[in-house]
Amino acid sequence: MCRVRTSRERTVVHVPLGSDAIHLKVRVRTYECVACARMWHDDLGALASGRTLLSRAAVDWALRRVALESASVAACARTLGCSWNALDRAVRAAGMRILSESDPYGAVTRIGVDEHVWRHGASGDRYVTVIVDLTPRADGRPARLLDMVPGRSAQAFANWLEARGARFRDRVEVVAMDAFSGWKQAAARMLRTAVEVIDPFHVVHLAAGRLTMVRCRLQREATGRRGVKGERLYDCLCSMFLKQFGRYFSAVGAAGFPQCWQCVGRWLE
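Each step along the sequence shown adds one to the number in the working numbering, with nothing skipped, and position 81 is 81.
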């Protein structure tokens with residue numbers, strides 16, 4: 001036999017309804033055994049974890065918003081009607097629990113590396129090394145971010161690869177990068193069996209840059225000056241869309257630049 005000794009009201013922040021915050025008022029009863037005076041209370045573990053302010057569903061909602069939709073913790077806290085600190089602690093704990101239960105590097109066979117300007121101020125490291133998983137691209141799915149490492153150097157990338165372990169390094173088959181020699185040095189030293197390739201964006205960028213250099217040099221040799229607005233050879237290169245290649249070829253032929261014509265033809269092949 002038991003009896004209700006006391007009760008208290010607990011407020012739990014739940015998933016919002018549209019833009020309206022939902023706060024649940026839950027009555028938690030404390031029971032007492034008549035025979036032995038032992039006490040216990042209602043178990044709310046299915047609703048919320050421990051003594052946290054947020055329900056499990058609210059934490060999951062906020063975690064998805066922050067991780068998948070790039071929403072800020074402050075924006076989610078305003079929608080839920082709770083403090084930033086409470087939501088930040090709950091989201092961090094849930095995220096760390098998910099990361100500890102899964103292996104984000106287990107199925108990675110293709111990676112991409114590039115730099116990103118993280119800080120625009122004068123002090124501190126401006127760049128970070130960004131590593132992404134390109135394995136899902138083989139199935140038509142988007143790539144996913146693996147990690148961001150402070151600095152932009154061969155040593156920064158090599159240290160990250162070393163920290164992943166030998167099993168991860170042996171699984172990597174392809175490394176996509178730009179023309180920065182630091183990535184190539186780190187990949188050659190740490191990923192001896194992987195194939196090093198330049199990503200399509202930088203291939204097109206480098207090819208277009210070389211084409212522009214040849215065009216500018218030949219135009220200076222023929223006219224003695226740089227190209228100016230109003231000239232056919234200059235205007236048609238402002239935007240190199242596919243439908244404009246015909247106009248470019250005719251302009252090249254009219255200007256009498258056979259070397260530039262050959263350069264464009266080889267690039268298109």
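If you are wondering where the hints come from, they were derived from the structure by calculation, not from laboratory data.
It cannot be assumed that every hint is accurate.
[Unchecked claim] Listed next, the in silico SDA-like pairs over lysine to any residue satisfying Cα-Cα at most 25 Å (straight line):
1) K184 / H116
2) K25 / C36
3) K25 / A57
4) K25 / A67
5) K25 / S7
6) K184 / E115
7) K229 / V195
Results of checking the hints against the structure:
1. K184 / H116: 17 Å, holds
2. K25 / C36: Violated - the C-alpha atoms of C36 and K25 are around 31 Å apart, more than 25 Å.
3. K25 / A57: 16 Å, holds
4. K25 / A67: 29 Å, violated
5. K25 / S7: 13 Å, holds
6. K184 / E115: The hint holds at about 13 Å.
7. K229 / V195: Answer violated: K229 to V195 is near 44 Å, above 25 Å.
Consistency note: the structure conflicts with the earlier hints numbered 2, 4, 7.
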